[in-house]
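Chain by chain, the residues run as shown.
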Amino acid sequence: MASPAAVRELQRDLENKANDLSKIQKDIAKNHQVRKKYTIQLGENELVLKELELLKEEANVYKLIGPVLVKQDLAEANANVRKRIEYISAELKRLDAAVQDLEEKQNSKREAVLKVQQRMQALQAGKAKA
Amino acid sequence: MEKMSVEQLKAVKEQTDLEVNLLQDSLNNIRTATTRLDLASAALHDLSLRPQGKKMLVPLTASLYVPGTLDDANKVLVDIGTGYFVEKTMVEGKDYCERKIHLLKSNYDQLLELASKKKTVADEAGAVLQAKLKQLAPQT
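Chains as they are written, first to last, in the working numbering: chain C, 1 to 130; chain V, 131 to 270.
It should be emphasised that the hints constitute simulated quantities derived from the structure, not laboratory data. Glycine included, each C-beta is placed from N, C-alpha and C at the ideal position. Please note that a few of the clues may not be correct.
[Unchecked claim] List of simulated lysine to aspartate or glutamate pairs, EDC-like, C-alpha gap at most 20 Å:
1) V:K235 with C:E51
2) C:K37 with V:E149
3) C:K50 with V:E217
4) C:K63 with V:D209
5) C:K36 with V:D155
6) C:K56 with V:D225
7) V:K230 with C:E53
8) V:K185 with V:D201
9) C:K115 with C:D20
10) C:K109 with C:E15
11) C:K37 with V:D155
[Said to hold, decoys possible] Below, a sample of chain C positions facing chain V; criterion: calculated Cβ distance under 10 Å:
12) L47
13) K50
14) E51
15) K63
16) I65
17) L69
18) N80
Based on the provided sequences and hints, a complete structural model is requested.
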C-alpha cells in the first residue's frame, strides 16, 4: 500500500541525497584545480632550485619583491626555495588525502541515492498494480 | 572497443577528444615559449656584438625611451622563475637559453607522441561508433 505521502517523502530524500552528491562532486573538482596550481608551482620552484645549485658561491642573486629587485644571499635564496618546495609538497599530500576521502563519500552517496531510487520504483510499481 | 555499447563509445570518444584538445593547447604553449626563448637568445647574441660605451635608447615604458650608454655587455640578469634573478656572464646566459630550449624541445616531442596516440584512440572510437550506428539504423 503506497500512500502519496510516502512517495513524496522518498522524493524529498532523493533530492537531498542528490544535492549532497553534487556538492561532493563540486568539492572534488575544486580539489583538482588547487592541486593543479600547486603542481605547477612545485615544478617551477624545482627548476629554480636547479639553477641556483649550478651557481658559484660569489654569483649575485636578486629577488623581485614588488617593483624592487633586492640582492639576496645565495644560501638564503636556496633555503627559501627549499622551504617553499617542502611546503608545497606537504600541501599536495594533504590534498591527496582529502580527495580520497571525498571520493569515498561520493561513492557511498551514490549507493544511497540508488537505494532510494529503487525503493521509489518498487513503491510506484506497487501503486500501479493496485 | 567492439564490445562497448553506443552510449559507452560516445562517452569514450568525447572524453578522448577533450584530452586531445588539452594536449594541443599545451603543445601550442610550448611552441610560444620556445619562440620567446629563441628571441631572447638572438637578442643576447646581438648584445654581445656591441662595444662598451655604445649609445643606445633604454625603454622606460612602452612608448618612452631614454638615451643611455651600454655599460658592461658581459654581465646579464637572467629570470629563473618565482621572482628570482641571477647575474650571469654572457656565455652563461647563452648557455641558459640553450638549456631551456633543449628542455622545451624534449617536452614538446614527448607531448606530441602522447597527443598522436590519443588522437588515434579517438579516431578509432569514432570509426567503431559509426559502424555500430550503421548496423543499428537500416533495419529495412
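Here is how each hint holds up against the structure:
{"no.": "1", "hint": "V:K235 with C:E51", "result": "holds (19 Å)"}
{"no.": "2", "hint": "C:K37 with V:E149", "result": "holds (19 Å)"}
{"no.": "3", "hint": "C:K50 with V:E217", "result": "holds (15 Å)"}
{"no.": "4", "hint": "C:K63 with V:D209", "result": "holds (10 Å)"}
{"no.": "5", "hint": "C:K36 with V:D155", "result": "holds (16 Å)"}
{"no.": "6", "hint": "C:K56 with V:D225", "result": "holds (15 Å)"}
{"no.": "7", "hint": "V:K230 with C:E53", "result": "holds (16 Å)"}
{"no.": "8", "hint": "V:K185 with V:D201", "result": "holds (10 Å)"}
{"no.": "9", "hint": "C:K115 with C:D20", "result": "holds (15 Å)"}
{"no.": "10", "hint": "C:K109 with C:E15", "result": "holds (12 Å)"}
{"no.": "11", "hint": "C:K37 with V:D155", "result": "holds (17 Å)"}
{"no.": "12", "hint": "L47", "result": "holds (6 Å)"}
{"no.": "13", "hint": "K50", "result": "holds (9 Å)"}
{"no.": "14", "hint": "E51", "result": "holds (4 Å)"}
{"no.": "15", "hint": "K63", "result": "holds (6 Å)"}
{"no.": "16", "hint": "I65", "result": "holds (7 Å)"}
{"no.": "17", "hint": "L69", "result": "holds (6 Å)"}
{"no.": "18", "hint": "N80", "result": "holds (9 Å)"}
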